[in-house]
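Each chain is listed here by its residues.
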Amino acid sequence: MRTRHAPAGAGTDQARPRGASPPATFDPPRARRADRRRVSLRARLRRDWQLLAMVAPGFVILLIFSYVPILGNVIAFQDYNPYLGDNPLEAFVQSNWIGFGQFQLLFEDPAFWDAFRNTLAITAFQLVFFFPLPIALAIALHHLLSSRLRGFIQTVVYLPHFFSWVLVVSFFVAMFGGAGLLAQTMREAGTEPWNIMTNPDTFIILVTAEAVWKDVGWGTIVFLAALSTIDQNLYEAAAADGAGRWCRLWHITLPGLRPVIVLLLILRLGDALSVGFEQFLLQREAVGRQASEVLDTFVYHFSIATGNYGYGAAAGLFKAVIGLCLILAANRVAHMLGERGIYSRS
Amino acid sequence: MTTTITRKSPRPRARRAVWEERPTLIGQAGKALLLGLLVLSVLFPLWVILVTSFSSRETIANAGGLVVIPRGVDTSAYEVIFAGGAVTRALWISTLVTVIGTAIALTVTVLAAYGLSRPRSLGYRWLLAYFLLPFLIYPPLVPKYLVVTGLGLKDTIWALILPPAISVFNLVVVRGFFQGIPQELLDSARIDGANDFRTLARIVLPLSRAVIAVVGLFYAVTYWNVWFDAVLFIDRNDMYPIQRVLQSYLLAGQAPKTSGGASGITMPPTEAIKMAVVVLTVAPIVAVYPFIQRHFVKGVLIGAIKG
Chain A
1 MRTRHAPAGA GTDQARPRGA SPPATFDPPR ARRADRRRVS LRARLRRDWQ
51 LLAMVAPGFV ILLIFSYVPI LGNVIAFQDY NPYLGDNPLE AFVQSNWIGF
101 GQFQLLFEDP AFWDAFRNTL AITAFQLVFF FPLPIALAIA LHHLLSSRLR
151 GFIQTVVYLP HFFSWVLVVS FFVAMFGGAG LLAQTMREAG TEPWNIMTNP
201 DTFIILVTAE AVWKDVGWGT IVFLAALSTI DQNLYEAAAA DGAGRWCRLW
251 HITLPGLRPV IVLLLILRLG DALSVGFEQF LLQREAVGRQ ASEVLDTFVY
301 HFSIATGNYG YGAAAGLFKA VIGLCLILAA NRVAHMLGER GIYSRS
Chain B
1 MTTTITRKSP RPRARRAVWE ERPTLIGQAG KALLLGLLVL SVLFPLWVIL
51 VTSFSSRETI ANAGGLVVIP RGVDTSAYEV IFAGGAVTRA LWISTLVTVI
101 GTAIALTVTV LAAYGLSRPR SLGYRWLLAY FLLPFLIYPP LVPKYLVVTG
151 LGLKDTIWAL ILPPAISVFN LVVVRGFFQG IPQELLDSAR IDGANDFRTL
201 ARIVLPLSRA VIAVVGLFYA VTYWNVWFDA VLFIDRNDMY PIQRVLQSYL
251 LAGQAPKTSG GASGITMPPT EAIKMAVVVL TVAPIVAVYP FIQRHFVKGV
301 LIGAIKG
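Quick mapping for you: the protein sequence lines, in order, are chains A and B. Residue 1 is where the first sequence starts when you use UniProt numbering, and the numbers rise one by one after that. Residue 1 is where the second sequence starts when you use UniProt numbering, and the numbers rise one by one after that.
Careful, some of the hints might be misleading.
[To be verified] Just the calculated beta-carbon pair ranges, DEER-fashion: (1) B:Phe169 - A:Gly307: 25 to 35 Å; (2) B:Glu21 - A:Val128: 23 to 33 Å; (3) A:Trp194 - B:Pro182: 58 to 68 Å; (4) B:Thr24 - A:Glu285: 47 to 57 Å; (5) A:Ser228 - B:Glu21: 20 to 30 Å; (6) A:Val93 - B:Ala194: 45 to 55 Å; (7) B:Pro70 - A:Leu63: 48 to 58 Å; (8) B:Ala29 - A:Asp271: 29 to 39 Å; (9) A:Thr306 - B:Pro23: 51 to 61 Å; (10) A:Trp194 - B:Gly123: 30 to 40 Å; (11) A:Ser228 - B:Arg198: 33 to 43 Å; (12) B:Val68 - A:Leu267: 33 to 43 Å; (13) B:Phe82 - A:Leu71: 38 to 48 Å.
[What the hints assert, rightly or not] Simulated coverage check for chain B against chain A, where a stretch passes if three residues somewhere in it have a Cβ under 8 Å from a Cβ of chain A: (14) 87-96; (15) 127-140; (16) 189-201.
Hints in this document: simulated from the structure, not taken from any laboratory. Virtual Cβ for every residue (Gly too), placed ideally from N, Cα, C.
Only chain A is shown next, with the shape it has when bound in the complex (with noise of 0.2 Å):
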């Protein structure tokens, strides 16, 4: 990774890697580079020596638990025996080098394809039945004249992002499980209670519901400020024009949304091998690994629940290099469509 792909909360001047050709313009990056040239290192340490240790704290958590295990990545090409030696870094040592032998019998393993058609099939529904509701949620807060009410809204429909997964499969459960409030009343009625919980069929209508119910108000924070900062005059233009109601929307709201809208739909994109991890994991039991498992889960069960530490770690490296790949194509892909992406190159 270079320097130019970090993302464009950087800055875009910040972000030019040395040697990359200016703009035709005055170039305040430059200035500045020339600038501090004059300086020398040790008067720049002896001036920014408080920010560097500043930095450090964060610079060596990030270094153990991030970019050790990323490196730790290798052992996808051992056998990885953890009983050899007394800590993970002497079985690390100690363990046979096989080169990709554990790719090939991951490719080969039914169960990892399943997992792999399982997460893809869960982006794909979630991408059609989901991604569009804050929006839509957005809109209608939006045009809420009464500010109170909107802010209750507000207030209640944040919370459910603020529980765990745990809670969130508790409350399913409590409301719609085999003794839940549901089955409870349809018994009660005399009819026989619906297989929510555990049924393998439908289990994707219900990790969506679930999602749906934890995040879709929280998603519309984004989309609530992008709102707000379309221009009024707009809408009473085109209003004077003879615009409807709908057709305001579509040619006015939706384009303002536009930037958001990529910008999420590329971090999903990129996201589109990570489905939620705790939730399939906590429902995995209930309605059996066939329909349930997908790569998170695959990983976990593969690897430290069995003992398999190679096997895991290949699977997972398989899935971040897919990862790295979608999400630097999507926002290439937005690039080529004139919208701004989550890191620029310029």
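Since the structure of chain A is provided, determine the placement of chain B on it from the hints.
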């Protein structure tokens, strides 16, 4: 910054713009119905769970499980829970993890955000890339597990506290806020002889209460909700955080076998006790969240738009 006291003028009634057509009755009704259902879908389960946890055994038996309409208040479920045992211990562990974790994570994040907020400082570009990269590449599960166990953190609260102690998203949010503080303020502090630590403590932090509150809530919620890390790293069940206990009560359907033994009873928990555990897990979130919620748009958006 001076505080001006303004008398709250009566809020002007929001009015529809003159050019906007009156909404149709069906449209209004449909919207009201949808929003109403959405709000109910959150509040109704909370209500049922709360009522059931405060119901007596007979009320629950009569209702056939969960209670929608309360009949009297019975606190026996909470008495059983607070008599000591798995849930009480788990609540303690979770409180400890949340308080220590949030303090550490906020410190680390605020320091790093300030350290990364001055574009011309030494190593700025490399450090920024270093901090932002984990946003694109998640730490993989298996090596992370090996690192944490290799450091000997297994079965300690540090296994739950340290790995999430800096979140790139929160860092970007705080940093974005810091960069929005007028440069003149920081310059004047420097001219007065304040070093960076002093500037951060005396100038920047007092101006950033809103964003600190929001990010603090994010971290606190992360720590309170920790479940899978506990599955990975905590084997001793007297070290379980609350989410693991909740899982074993509600989703596995029985109290976890504790070494000490809660009350010596190994019966499956009653419906009221189950729901009381849910209430105790939700309560801290519901209690803190409304106070911080009003800062969300201000605090989150700066980061969301920049990131």
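Hint check:
About 33 Å separates the C-beta atoms of B:Phe169 and A:Gly307, a value consistent with the hinted range of 25 to 35 Å. For B:Glu21 and A:Val128, the hinted distance range of 23 to 33 Å is satisfied, since their beta carbons lie about 31 Å from each other. Checked against the hint of 58 to 68 Å, the pair A:Trp194 and B:Pro182 passes, with Cβ atoms roughly 59 Å apart. Taken as a hint, the range 47 to 57 Å holds for the pair B:Thr24 and A:Glu285, whose Cβ atoms sit roughly 49 Å apart.
For A:Ser228 and B:Glu21, the Cβ-Cβ distance of about 22 Å falls inside the hinted range of 20 to 30 Å, so the restraint holds. Between A:Val93 and B:Ala194 the CB atoms are about 49 Å apart, so this pair conforms to the stated range of 45 to 55 Å. The hint said 48 to 58 Å for the Cβ distance between B:Pro70 and A:Leu63, and at roughly 54 Å that hint holds. Hint check: B:Ala29 to A:Asp271, Cβ distance near 38 Å, so the stated range 29 to 39 Å holds.
As the Cβ distance of A:Thr306 to B:Pro23 is approximately 59 Å, the hint placing it in 51 to 61 Å holds. Taken as a hint, the range 30 to 40 Å is violated for the pair A:Trp194 and B:Gly123, whose Cβ atoms sit roughly 60 Å apart. Taking 33 to 43 Å as the suggested C-beta distance range, the pair A:Ser228 and B:Arg198 conforms, at roughly 37 Å. About 40 Å separates the C-beta atoms of B:Val68 and A:Leu267, a value consistent with the hinted range of 33 to 43 Å.
The beta-carbon spacing between B:Phe82 and A:Leu71, approximately 47 Å, falls within the hinted interval of 38 to 48 Å. Note: the stretch 87-96 of chain B has 0 residues with beta-carbon separation from chain A under 8 Å; the three-residue rule is not met and the coverage is violated. With 14 residues having a Cβ less than 8 Å from any Cβ of chain A, the stretch 127-140 of chain B passes the three-residue criterion, so the hint holds. Against chain A, the stretch 189-201 of chain B contributes 4 residues with a C-beta closer than 8 Å to a partner C-beta. That satisfies the three-residue criterion, and the hint holds.
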